[in-house]
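Asks: Numbering-wise, the sequence shown is residues 45 to 483 according to this note's numbering.
One thing to keep in mind: the hints can contain errors.
What the hints assert, rightly or not - Below, simulated EDC-like cross-link-like pairs (lysine to aspartate or glutamate); rule was C-alpha separation at most 20 Å, straight line:
(1) K166 / E200
(2) K424 / E406
(3) K403 / E366
(4) K240 / E200
(5) K467 / E269
(6) K464 / E477
(7) K416 / E269
Said to hold, decoys possible - Label-pair restraints from in silico Cβ distances:
(8) K237 / K166: 35 to 43 Å
(9) T77 / V279: 25 to 33 Å
(10) R262 / E381: 34 to 42 Å
(11) N476 / R274: 47 to 55 Å
(12) E140 / A219: 50 to 58 Å
(13) K237 / N168: 34 to 42 Å
Just so you know, the hints here were simulated from the structure itself, not pulled from any lab data. The C-beta atom is built at its ideal place from N, Cα and C for all residues, glycine as well.
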Amino acid sequence: MYSLKEKQRAVELFHKHHRSASQVVRELGYPSTTMLMHWAADYQEGQMSDQRRSTEFKKEVVEAFISRQGTIQEVADKYSVSRMTLYRWRDELLREGLLDIPPDSTDPKGQASLMENARLRKQNEEQALQIDILEQVVSLLKKEKGIDELRLKNREKALIIDALRTKYSLARLLAKLQISKSSYFYQHKALMKKEKYEDIRPLMIGIFHQNYQSYGYRRMKRELEAQGTRLSEKVVLRLMGEEHLHVLVRRRRPYSSYAGELTPAPPNLIARDFDADRPNQKWLTDISEFRIPAGRIYLSPLIDCYDGRLVSWKIGQSPNAEMVTDMLTDGVSALHEGEYPRVHSDRGIQYRWPAWIDKMSEFSLVRSMSKKGCTADNAKAESLFGHLKTEFFYNHDWSKTTLDGFEEALNTYLNWYNTKRRKNSLGGKNLNEHRRCAL
């Protein structure tokens, strides 16, 4: 970049005219002060004889420099060397162990040498670097304490280097973690790229919470496909695990409305055959209880065996005969001419009551009942309550909810269940989609 003549002119101005490096740079307009000091050192060593470059001469100069026989500049002028050369020779002799340094009178203990101070400083710096790396291994990579950082993958080493580059030089970090510069920059570039599923993760979180935190990976996959995103089940399962989208399941003892044999029980016409060829062929009903701090709420639904749709439902604060007969009346209003479904229930008192029996006769419906204490005879209704409580009830805090507020929330869930909830048994379709396809 600079010719030999330019270098000589700068060095002569620096030595012969006793200018400082900054003065020379300002006067000539080149080079930098650091480069000028390197030129001056190279020029002096080139001009020295073999005797002046010998270890004995260096030792003499450095001892004069350390013992402070005059100022540093006076020592440099006396031996015709630069101040930078004095420091360089001192460090060189210290590393080689060729210099006996008297105790520093300014040291309070009067014992520490420059070599010992340098060694301790370097040791402390290495320990600090080691501690910082281990802290990043634990906090950034979530590894166990005591792991050997040299056994980390290159991608993990690159993450640690990126985290510490503002505190340590890149060369020092590369040497400490034993990773080549090219490997580091390859991993650094890969880390800077946009994550493949970055846009899908918030979409999955939204779907999970909008659907009562009830979707596992299969139904999540179906919902993503409905929104135009196709992923394999394994990818959906992995992403849900990474985002901690777990369906929580808790069980409670079910409510029982059995109060003894009040009237003769009809036969079990369903006989655990919950399949139906068409809508409004077989209906199931039961009552479920919800206990919240504000009180108790009861749900009585009519379930169509064809696809599990809720034909009608009633919610009340007492599981009385009026609630179930009103539910039956609403359900019958949706029937077409010539449709007379079988209505199956357990042996609860509400279905042995004269009001229920009269309503069934009025609408020409056929009664069917489970055996005493046999929940499997009404398994599909029990399954509905299990899904409902797992998805809607158990995983929420109802401590500040009033009875009216809970009824409203339950109605909202049941409408969602009837229109939007995807069912694996229906090929991942919701009830509306399934009926449209069937028709």
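Asks: Now tell me, hint by hint, if it's right for this structure.
Replies: Tested hints:
1. K166 / E200: Since the Cα atoms of K166 and E200 sit roughly 26 Å apart, the hinted pair is violated (cutoff 20 Å).
2. K424 / E406: 26 Å, violated
3. K403 / E366: Satisfied, since the Cα-Cα distance of roughly 11 Å is no more than 20 Å.
4. K240 / E200: 18 Å, holds
5. K467 / E269: 14 Å, holds
6. K464 / E477: 9 Å, holds
7. K416 / E269: Violated, because 44 Å separates the two Cα atoms, which is more than 20 Å.
8. K237 / K166: 35 to 43 Å: 38 Å, holds
9. T77 / V279: 25 to 33 Å: 58 Å, violated
10. R262 / E381: 34 to 42 Å: 39 Å, holds
11. N476 / R274: 47 to 55 Å: 22 Å, violated
12. E140 / A219: 50 to 58 Å: Given a distance of about 22 Å, which is not inside 50 to 58 Å, the answer is violated.
13. K237 / N168: 34 to 42 Å: For K237 and N168 the Cβ distance comes to about 38 Å; the hint holds.
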